[in-house]
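A.B. asks: If you read the protein sequences in the order shown, they are chains A and B. Quick note: the first sequence, position 89, residue 89 per UniProt numbering, numbers continuous. Quick note: the second sequence, position 134, residue 134 per UniProt numbering, numbers continuous.
Do not rely on the hints blindly, as some may be mistaken.
Cross-link-like lysine-lysine pairs, in silico, BS3-like; alpha carbons within 27 Å at most [claimed, not checked]:
{"no.": "1", "chain 1": "B", "residue 1": "K58", "chain 2": "A", "residue 2": "K68"}
{"no.": "2", "chain 1": "A", "residue 1": "K140", "chain 2": "B", "residue 2": "K58"}
{"no.": "3", "chain 1": "A", "residue 1": "K68", "chain 2": "A", "residue 2": "K237"}
Simulated from the structure, these hints should not be mistaken for lab results. Just so it is clear, the structure is predicted and the values come from calculations on it, not from any experiment.
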Amino acid sequence: MKRAGFSTKWLPILLLLPQLLIIAIFFYWPALHAVTSSFYLQDPFGFGQTFVGLENYTHLAASVEYLKVAKFTVLFTVLVTFFSLALALLFAVKADKVLRGAKTYRTLLMWVYAVAPPVAGFIGLLMFNQTWGPLSELFKFFGWDFTLGVNYFDTAFAMTVVSVWKQVPVNFIFFLSGLQSIPRSVREAALLDNRSGTRRFWDITFPLLAPTGFFLLITNITYSLFETFGVIDTINKGEPGNNPMTLVYKVFVDGFRGNDLGGSSAQSVILMILVLALTVFQFRLIERRIHYT
Amino acid sequence: MTDISAHAHAIAQTRKRSWFKLETVVDHAILIFGSLLMLLPLLIMLQTVTTPDLETMKFGPTLTIGTELDDNFRKAMFEASGFSGQNTGMNMLKNSLILGIGFAVGKIVIGMMAAYAIVYFRLRFATLAFWLIFTTLLLPLEVRILPSYEIVQQLGMMNTYQGLIIPLIASATATFFFRQFFRSVPEELIEAARIDGAGPIKFFIDILVPLSQTMIAAMFIIMFVYGWNQYLWPTMITTDENMYTLVRGIKQIVQTLEGNNIPEYGRANMLALIAILPPVLVVIFFQSWFVKGLTESDK
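Please take these sequences and the hints and turn them into a complete structure.
C.D. replies: Structure (structure tokens):
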């Protein structure tokens, strides 16, 4: 708050009201509702509900299918996060370094930011098309008969590639702006101390980029968990069947299609706890960040 | 002695120069590879929208540019698929624009108002309001999707623009962004305004809003792209084909590629391109604002 703030009583309340009203109705109420209904078993035909305690949770823990989805989600998250960060860092370092065409490269490497995840999934369907997709052709050349939507591994592979493709630009933008904020004096001092570009990168640039990297790590994990929904839904063509899916996708399938509201809510609550843990972790890192810069 | 060192220096210079050149080539090669990786799918889509569907089905994407562009554009924009016959490309484009712009404007207006109240007023429950608002940053819509859907259903907002837009506004990204910015505005400004006798409303409209122009533009771009690209929420809220956005309609577009004898690749790719272009163009043309807004808001 500003020291010389206004002291009108009614105006700030009026200004805050729309925001508070919207978050009360569309944030707090649904979040609370998800928590409470995770302790109930809903009648599939809408005839009331019975309190079942933690049964929805124990049911999940014992479900082979849920554990399979959870395992896939973890693996998927690790792969997408690692590859989109690594590729973006490589491109950002190079784009920061070249003198010619830096602006063109920047534009070419970042426009995919604005492509919606399901549209990226649609592009994936084209690229991995079984009869003529350019990427399936490439794999066929190496003897890999790529069957999207039929083979579990192939489908998971396509999902990962498309999700990485979609996420590289965001990371690129952040890494590049992180690189550009490293003071010229630091770079010059490093150049005097050390001739080797590789060593300079690992000793000076990389540690200075660490705060951006930590921040992006959390963002990428959240992206892989939640925002890839569109990619997965399009590549599965809306019919998951035996194809891979993530935890968020399962919340949607069980709750919306399967009408298992209690089970779906319990899954939501598990995801909420996961996100809260990630955010707390992130805030602690941001606090530590101050010491870096 | 000086001779030797000068000589060594010269050698180092030449070595450095030639090595430097190779390194530059490698740098450019990596960047060109990356750019192509991003661009290739777009080129393939551009090729298929000019090609007759039969050819695409037989040969896949080729290097030739066909003559079917007009026809595919007409089919995509004005011919409807689905049961109702109402979700033409034009109609979906309209809905996408309403969602993108409505979401961006709503979020900015509500966010600025709330941030102004928090930063510039002495308010007893300011801290409470702050925490209530900023807790919403913690949980994305995806984890509370079903209860949110039920509430919208109970409020009778299914298949309406309000039902589509307002629940998406229920997070504090814009409020947080404007709060950070308002706090960086010099204290002297409000003191001067008060001495001149400006009230809170006048100060907000005549001084703070003009001062925030760049911030508003940056936020608008980010929020427009975010709103335009929404998928899960519109999938649940709009069951009426008349209300489909381009991005929400993509699943139906994919399904039309499955059923027909000759899949309509031209039409499908055209619709996907129209779904891609507006947000991409906005991001490219307002690049510096967009990058500034993105890197400053998300931290």
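A.B. asks: Would you mind marking each hint as holding or not holding in the structure?
C.D. replies: Against the structure, the hints come out as follows:
1. For the suggested pair B:K58 and A:K68, the alpha carbons sit about 38 Å apart, so the restraint of at most 27 Å is broken.
2. Proposed proximity of A:K140 and B:K58 is supported: the alpha carbons are some 17 Å apart, at most 27 Å.
3. At roughly 20 Å between alpha-carbon atoms, A:K68 and A:K237 fall within 27 Å of each other, so this suggested pair holds.
When the structure is compared with the earlier hints, a violation turns up for hint 1 alone.
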